[in-house]
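**Q** Working from the sequences, and respecting the hints, build out all of it.
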Amino acid sequence: MLNKLIFANLGHRPVRTLLSVLAIAVEVTMILTLVGVSHGTLDQSAQRARGVGADIWFRPPGSSAIGLSSAPMSDKIPALLMKEPHVTFAMGTMVQPLSGFDAMTGLDLDDFRRLNGGFHYLKGGPLVNDNDVVVDEYYAQQKKLHVGDTLNLVNHDWKLVGIIESGKLSRICVKLPMLQTLTGNPGHLSQIFLKVDDPKDAQSVVDALRVKYHGYQIYTMEEFTSMLSISNVGMLKSFIGVVIGVAVIVGFIVVFMAMYTAVLERTREIGILKAVGGSSGLILNILFRETLLLALLGSVVGILLTYGTQWLMKHAVPASLVQETVYGWWPIATGIAVVGALLGAIVPGIKAVKQDVTEALSYE
Amino acid sequence: MSEPPIIKVRSLTKTYQVGEVAVHALRGVDLDIRKGEFAAIIGASGSGKSTLFHILGGLTPMTTGTVQLNGRDMAGMTNAERTELRKTTVGFVFQKYNLLPTLSAEDNIRIVQYIGGRDTVFDPAFQEILKLLGITDRMKHKPRALSGGQQQRVAIARGLVNSPAILLADEPTGNLDSENSAAVLKLIKDLNRRLGQTILMITHDADAASYADRIVKMRDGRIV
Numbered sequence: 001m002l003n004k005l006i007f008a009n010l011g012h013r014p015v016r017t018l019l020s021v022l023a024i025a026v027e028v029t030m031i032l033t034l035v036g037v038s039h040g041t042l043d044q045s046a047q048r049a050r051g052v053g054a055d056i057w058f059r060p061p062g063s064s065a066i067g068l069s070s071a072p073m074s075d076k077i078p079a080l081l082m083k084e085p086h087v088t089f090a091m092g093t094m095v096q097p098l099s100g101f102d103a104m105t106g107l108d109l110d111d112f113r114r115l116n117g118g119f120h121y122l123k124g125g126p127l128v129n130d131n132d133v134v135v136d137e138y139y140a141q142q143k144k145l146h147v148g149d150t151l152n153l154v155n156h157d158w159k160l161v162g163i164i165e166s167g168k169l170s171r172i173c174v175k176l177p178m179l180q181t182l183t184g185n186p187g188h189l190s191q192i193f194l195k196v197d198d199p200k201d202a203q204s205v206v207d208a209l210r211v212k213y214h215g216y217q218i219y220t221m222e223e224f225t226s227m228l229s230i231s232n233v234g235m236l237k238s239f240i241g242v243v244i245g246v247a248v249i250v251g252f253i254v255v256f257m258a259m260y261t262a263v264l265e266r267t268r269e270i271g272i273l274k275a276v277g278g279s280s281g282l283i284l285n286i287l288f289r290e291t292l293l294l295a296l297l298g299s300v301v302g303i304l305l306t307y308g309t310q311w312l313m314k315h316a317v318p319a320s321l322v323q324e325t326v327y328g329w330w331p332i333a334t335g336i337a338v339v340g341a342l343l344g345a346i347v348p349g350i351k352a353v354k355q356d357v358t359e360a361l362s363y364e
Numbered sequence: 001m002s003e004p005p006i007i008k009v010r011s012l013t014k015t016y017q018v019g020e021v022a023v024h025a026l027r028g029v030d031l032d033i034r035k036g037e038f039a040a041i042i043g044a045s046g047s048g049k050s051t052l053f054h055i056l057g058g059l060t061p062m063t064t065g066t067v068q069l070n071g072r073d074m075a076g077m078t079n080a081e082r083t084e085l086r087k088t089t090v091g092f093v094f095q096k097y098n099l100l101p102t103l104s105a106e107d108n109i110r111i112v113q114y115i116g117g118r119d120t121v122f123d124p125a126f127q128e129i130l131k132l133l134g135i136t137d138r139m140k141h142k143p144r145a146l147s148g149g150q151q152q153r154v155a156i157a158r159g160l161v162n163s164p165a166i167l168l169a170d171e172p173t174g175n176l177d178s179e180n181s182a183a184v185l186k187l188i189k190d191l192n193r194r195l196g197q198t199i200l201m202i203t204h205d206a207d208a209a210s211y212a213d214r215i216v217k218m219r220d221g222r223i224v
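Protein sequences appear in the order of chains A and B. Read in full-length UniProt numbering, the first sequence has 318 at position 318, and its numbers run on one by one without any break. Read in full-length UniProt numbering, the second sequence has 125 at position 125, and its numbers run on one by one without any break.
Honestly, the hints are just simulated from the structure, not real lab data. Positions of the beta carbon are idealized from the N, C-alpha and C atoms, including for glycine. Careful: at least some of the hints might be erroneous.
Calculated pairs, PhoX-like style, for lysine-lysine (alpha carbon to alpha carbon, straight line, at most 20 Å) [to be verified]: (1) A:Lys159 - A:Lys143; (2) A:Lys175 - A:Lys76; (3) B:Lys142 - A:Lys4; (4) B:Lys186 - B:Lys131; (5) B:Lys87 - A:Lys354; (6) A:Lys4 - B:Lys140; (7) A:Lys314 - A:Lys143; (8) B:Lys35 - B:Lys87; (9) A:Lys200 - A:Lys76.
Covered by chain A, per the in silico footprint, the following chain B stretches (three or more residues, Cβ under 8 Å) [what the hints assert, rightly or not]: (10) 35-41; (11) 50-61; (12) 85-93; (13) 182-191.
Only some residues are given here: those of chain B computed to face chain A with a beta carbon under 8 Å [to be verified]: (14) Met77; (15) Ala80; (16) Leu100.
**A** Written as structure tokens, this is what we have:
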């Protein structure tokens with residue numbers, strides 16, 4: 001019977017109900033999209049790192065897992081590393097951060113080929129001249145690039161000679177010496193990829209290297225890719241925390257407004273329920289059930305909307321932002337929406353309970 | 001030995017504080033209503049009849065005096081106790097019907113059953129009341145689809161559904177035309193006769209009061 005009253009109440013003001021549901025949906029979408037993009041971006045980085053085909057990842061001291069540093073290591077190090085036991089090959093690259101999440105990588109194509117067989121070209125071919133650049137399919141799609149186009153990166157005009165299959169190392173690759181010169185880092189590297197004779201020995205090789213190259217960031221690729229998670233990226237974790245905080249406040253305000261208006265508008269109805277013996281608990285029960293229903297409906301709509309944002313990103317910015325569906329966050333985002341909404345219903349609820357019956361019954 | 005009155009009021013006062021002014025709405029009311037009686041309290045606006053209605057219905061607390069309702073002393077009752085009293089002992093009929101606009105006529109009655117902790121089904125006796133009220137074919141309609149007279153009949157049915165000891169009616173015909181007024185008053189009288197339902201009606205209309213077995217007059221917060 002109570003549920004019938006609740007559905008009837010919500011149906012009585014369809015526009016207000018719809019707006020409340022939409023506002024809560026936006027709150028949920030906001031959380032799920034941010035989490036989805038964080039996961040997607042990190043997973044893509046991990047996938048590209050795995051695509052390199054190396055066993056060990058070697059970075060300069062003080063660098064972080066997702067830090068896109070410039071080039072603080074000497075390019076003499078790979079030769080030294082190749083003399084280490086079990087190390088069969090070492091390839092150094094230089095990473096130059098661009099705007100947003102983009103970065104370009106300078107590499108030696110022959111070395112890269114030795115490591116993993118090289119790129120698979122969907123269009124065009126490999127780097128030949130110093131000004132040549134290859135980009136992956138998503139970057140080309142996002143920037144609407146074709147082989148033969150000129151693109152300006154790090155204040156230099158590059159000629160696009162090839163479009164590569166995504167999933168190996170970087171979305172934008174150029175020749176290593178050219179990038180080193182252009183960025184004022186001749187003879188320097190950002191990272192080194194190592195191959196060992198038996199991948200099973202990778203950890204013991206890492207342990208030995210850590211002793212010899214104290215302070216350097218040295219990981220097996222398995223270790224490195226497992227580090228690419230939200231909990232390991234402090235800034236991202238804080239950012240998600242802030243967005244969740246904002247989402248809770250949004251949910252609180254929306255439901256507060258909706259319920260406060262509802263309580264004011266239903267002053268007489270609340271008075272009637274009290275007059276016929278409805279207790280304070282019953283009044284609160286009705287308001288909280290309505291709120292819960294709004295929050296749950298909003299969460300479902302919000303989850304559905306994330307498929308919209310996912311589609312939008314996939315078609316508008318496939319190289320910059322990758323959004324994954326993180327099912328584990330569905331109940332978390334729903335929980336956050338419910339908590340925000342219930343908090344928003346507390347003050348209107350108290351107002352409803354405190355209403356004087358006789359005054360409420362004479363409310364016009 | 002005669003049966004004790006179902007409503008027993010002694011030296012009842014009610015004082016409202018309006019800003020710094022004390023308004024004495026009731027100034028020592030004594031009243032007895034017998035079980036099964038249909039009584040009308042008549043008085044002009046400001047006579048205190050509505051305040052008496054609110055106190056007897058447990059809608060507002062008294063200031064001093066004693067009120068016994070179906071054997072229960074209302075003095076010192078907490079809010080929760082007055083809520084319980086409204087749930088179990090008293091049925092209301094208001095001037096403005098006070099039906100929930102989002103529910104059908106039927107659900108307006110059922111929700112009172114639900115609040116009263118009863119099964120939300122209409123037993124044969126209550127079906128008879130609905131027939132008597134002539135609203136059986138209007139039960140699926142929402143209040144806005146009913147005429148004033150029909151809404152008031154639904155409100156009467158709602159007031160009776162939990163078989164209260166006392167039905168309190170506050171100006172039940174105040175919003176109705178004379179034809180509907182007469183029909184509703186006739187029904188109230190009929191319900192009193194057939195069911196032995198105790199009814200206390202508040203009105204300012206002498207014609208409406210004439211349907212009652214007994215008329216009690218009020219003026220300036222006192223029974224006269």
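**Q** Hint by hint, note whether the structure agrees.
**A** A quick look at each hint next to the structure:
no. : hint                : verdict
1   : A:Lys159 - A:Lys143 : holds (14 Å)
2   : A:Lys175 - A:Lys76  : holds (17 Å)
3   : B:Lys142 - A:Lys4   : holds (14 Å)
4   : B:Lys186 - B:Lys131 : holds (14 Å)
5   : B:Lys87 - A:Lys354  : holds (18 Å)
6   : A:Lys4 - B:Lys140   : holds (14 Å)
7   : A:Lys314 - A:Lys143 : holds (13 Å)
8   : B:Lys35 - B:Lys87   : holds (19 Å)
9   : A:Lys200 - A:Lys76  : violated (27 Å)
10  : 35-41               : violated (count 0)
11  : 50-61               : holds (count 4)
12  : 85-93               : holds (count 4)
13  : 182-191             : violated (count 0)
14  : Met77               : violated (14 Å)
15  : Ala80               : holds (7 Å)
16  : Leu100              : holds (5 Å)
In this structure, the hints that do not hold are numbers 9, 10, 13, 14, in rising order.
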